[in-house]
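Residue numbers (my numbering), protein chains in the order written: chain A, 1 to 597; chain B, 598 to 891; chain C, 892 to 1275.
Relax, there's no trap hidden among the hints.
The list that follows gives simulated cross-link-like pairs (lysine-lysine, BS3-like), each with its CA atoms no further than 27 angstroms apart:
(1) B:Lys687 with C:Lys939
(2) A:Lys491 with B:Lys856
(3) B:Lys687 with C:Lys1072
Read the hints as simulated data drawn from the structure, not as lab findings.
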Amino acid sequence: MKKKPAKKKTALKKPSVRSKKPVQPEPSLPPMSLSFDGTLATKTGTWRYLTPAYLNKLAPCNEGCPAGEDVEAAMVLSGQEDYIGAWEKITQENPLPRVCGRVCFHPCEGSCNRKEYDEPTAINALERFVGDIAFQAGKRFSLPAEKKNEKVAVVGSGPAGLSCAYHLASLGYGVTLFEALPRLGGMLRYGIPAYRLPKDVLDQEIDQILALGVESRTNCRVGKDVKWEELKKYDVAFVAAGAWRSLPLRVPGENSLGVMSGVTFLKKVNSGEKVDLGQRVAIIGGGNTAMDAARSALRLGAEPLIIYRRTKEEMPAWEEEISEAEEEKIDFIFLTSPVNILSENGKVKGIECIKNLLGPPGKDGRREPRPIENSNFALPVDSVISAIGEAPDLSFLPPELQKSKDAIPVDEAGATSLEKVFAGGDIVAQPRTVSYAIGSGKKAAMAIDAVLRGKNAAEAIRLARWGDKGSLSMARYRSGGGDGIAQEVVKFSELNTAYFPRQSRKAKERLSLEERTKGFSEITRGFPKASALFEAKRCFNCGVCNLCDNCFFFCPDMAISARPDKQGYEINYDYCKGCCICVEECPRGAISIEVKK
Amino acid sequence: MKGIQPQAKELLDEYLHSGHGACPGCAMPVVLRTIFHALGEKTIAAITAGCFGTISGTYPVSPIKIPAYNTPFPSAGAAGSGIRAALDVKGDTETTVVAVAGDGGTFDIGIQAISAAAERNDDYIFICYDNEAYMNTGIQRSSATPWGAWTTTTPPSELKAQPKKDIVQIMAAHHIPYVATASIAYPDDFVRKIRKAKETRGFKFIYTLSPCPVGWRFPSEITIRLARLAVQTKVFPLYEVEDGEHYTLSVEPEEIPVKEYLKPQGRFNFLREGDMERIQENVDREWERLMRRF
Amino acid sequence: MKKLLTGNSAISLGVMLCRAEVISAYPITPQTTIVEELSEIVADGRLKARFIRVESEHSALACVAAASAAGARVFTATSSHGLAYMHEMLHWTSGTRLPVVMVNANRSIGSPWNIWCDHSDSLSQRDTGWVQLYCQSAQEALDTVIQAFKIAEEVLLPVMVLEDGFFLSHTSEVVDVPEQKAVDSFLPPFQPRFKLSPEEPHTFNIMADPSMFINFKHEAQQAMNQAKKVIARVDREFKAHFGRGYGYTGNVRMTDADVVLLTMGTAASTALEVIDAFRKQGKKVGLCRLRMFRPFPSEEVGRLLGKAKKVAVLDRDNSLGAGGIVAQELKAALYGAVKKPRIFEFIAGLGGRDITPEVIGEVFNYTMSHSSPNGAPVWMGVKK
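Work out the full structure: start from the sequences and follow the hints.
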């Protein structure tokens, strides 16, 4: 096949096709039937009965994030290698990406539409990557543009308190954190072991928040070191004291030496204190606290045994926690409850247990364990850690503040029954996770700002909603609801997966099993850059245009063109015939059909 | 503009105006946009009767921005040769000549002239956009209509009883330098092939499927999806044939049964028991036959 | 330079001298040697042109029409079935106002198969909007080809140059072939106002709806009216340039003729000796050879024939159900004339049947011996 020699590529100059004006014939009619102009006078838009439109729909990950992060935007920017931009998007909502990227249970991944196609995008790992890379690049929070006069007291410096403090400080308010324990961080420091969340990372994250001018008073327990009345000097208070009171086992011998609560145990370990567990330690419980306690005990040289009253499937701890504990060869026994702690000279020497079977579901919908008669057996143990649940200590609160059995009741704005007092985090009735706590701290900040600025808090928070699962966006709050993103969440069926090759996701790299249990070094490594980019690009970018050009290219009527600001496309409704090819071929459901009325 | 931009979708100028009369969701304007994007403004098109001819304009307006020449139905092949000859004799080696015809103007009434142009190896590109029937006159059957399809001249009691004519083999048998099948669902590949044709001397034949919502009876938004499915189900394989001998596959098909492609099309609603299986067998057999040529 | 040439050869040289740029070729007896000779002329380099060997006559015309739209000077030749095959393209070419020049070697159209001369092929295409000029000699054919390009390119209508198949195409005579320089100064290069060009894009032949179509056709009619004047002018210029002119009609002894023979093509030259013979007998006969058939020279023919008492129209064609086409056109042309001769219609020479001096003699005798025609045309030489 003959080929012409390659011609030199000329630069893409403005073609003269566009500048050709229609040529008028000299006589009034040309000799033959020729065209002299284009067909733009025919407004084929009148043919339409379905109208496509760019509705920036909400991505399910945004709705699924209890901390209200714009996960979607962070993915888009990461996919463009703008990690700093992604960090800015995340920290607009959540000041603790390096924390969440290590400890969050990532419901975003559970909501991810990619899950229905191959595997969800590794959002959690990417959040960590973005947080770490921004920190290494020296990115810190910017000081607020203007300072406001009001001052807010935040009781508790766990994730809820830190989040509230951060958002209020960013809004320009003066904030003081009251922390009962020696250092800031709450459960982040004293509950979560270093192998999941290194202490230096936590310190760095907290320092950034403090650098916004947040004051803190540690070793300062409200109700003991400082009276409740003192808080009235502040314009508003936010109570986020958490849930630190371990639920008792209610078995004989639970006061023996060598029995301690999971919370107490972890507090000690995370403070660097030595704890003598002996050789064998039984951990009662199936939640995250129990897993953390068991794995910490392992690293202290003991042999942990997890005793749980239901089966593995019912364990409330996160799957990753359970599977990592299994990998570390920690023993589990299921369908077993303690009935007696055996002691000698007041010190634990063993534990008597009974086997259970699962009966019908109880009030909470979970199948109730029923002890099997005469199935008792005893195990020799040197210590017992009870981690069957925690409740808040509400005793420091004033009597006027309405309380329920194990929580402070709050309205949809996080307001308590006392004016100017808000509450959030584990002290209110909500799922006990870091991201929910961060979310509630943000909600309180919004409510406080609304109240102090004379706005209707409930309304302002309603406008800040992202989707229907309670997620709130500070960006949306600040813009009064006008961020151009719809409330409808993009469903998997609205995507066009033909444009995405099937790709398994990158797994997190972890220390070898040997390395892991030697001490408290962080188990999980961060993504290398290539993996981060790969995962960011796996994100479908649900509901938001990322300039892929499909709609532009496939429109048979040339009715779609780049917007003048080049940040998206626009439809020329004079010509759009409503064929809706654009809707179908948009890989990410950023174009939807409006029905013409 | 930022974004994921493969070569095909550089935002070049348009060579077609909005306001043309194609049906909503018609694939043909997408075919034309792709071709003209790839060829640029130094192009002259010969158009013949068919859907493209019908939308080519009513005095004094036309949606086409490059020079174009309407010629009667059988003569796309001859007109392309004539325009090329005129340019050659005037010493113009830069302008590309392209003749565009539908399946009628290529497979049936036009086959004589196109065969002659191919045999003479006249230097221009012939593009056939196949919507698998005489759509412009109201969905009558052509030799490109697939087996089992309803058309207005193959009613349910007498559906198309012959397989589709294999135009690619016919053209390849002329031993022209370049024959290729292309699809609007694979725009990069399409543009690459058009540009390759432009750089090749001699007669080039590009054959593309043009799904027709009105004639095939499907909702207008799935035009591109059907074009893609046709390739994925091996009904419309994408490949190139050089000099009539060297076959290159452009896109690997997937293991998708042909019924996924046929189901959304109302024109296949009248297939009887066992017909779908026959079609699948036929597609598989044709695929094997094609593969033996590689 | 004088050469002994057949009609076809003369035509080929004419095309060469006119510097045609794109030529399409499809053989059909008896035009074939035109395209054969042109293929050699182009291959030798005597003419810088593109020679396209098409696969059918429809393509032959479609091809050169498109080339003409792209601004090239074009030529093709055909006959009989070939002309019929390109029928829709004849309309198209005229409607697109393309100055295509085509030679048609007149031949009958089957069935039955017949390769010899009659005028039914071109006359049955008289409504397609082409100028039609009928030649009677090889010299006239060559000269008319040169005139045809000039006429066509000025009025933007295609021109068909007719020669009798075999009688003219294949017989030789002495032809004065003009010099290239002389033709170049007579016929400038083709420079159309509108053509296919990326510099000035248009879409050609877009639909004209009911509000516009009639306007285009009216324009074309105006052009055809204009063509009449242009044909006369070009012929005068040609005469001034080359010393030969032909007019709309070739008239012999018309000034005082009572009985006129009106015919087209080579039969006219056969009539010359018959007219001489009758004149010697004192019969006032004359010959009017119709050269320009489209546009029909109604006024001129009316003037010429007004003085005659009788006209014998010799049609080398027949329109089944109506009669000889030239006769019909003539009657229509003379309908409005004040002085009308009686018109006697004759059908002769179909399918190459020779029109001999005897046949022409019979035609005259019949005409002179009958006071009026008896209605139906008289068919010459039909075997009983």
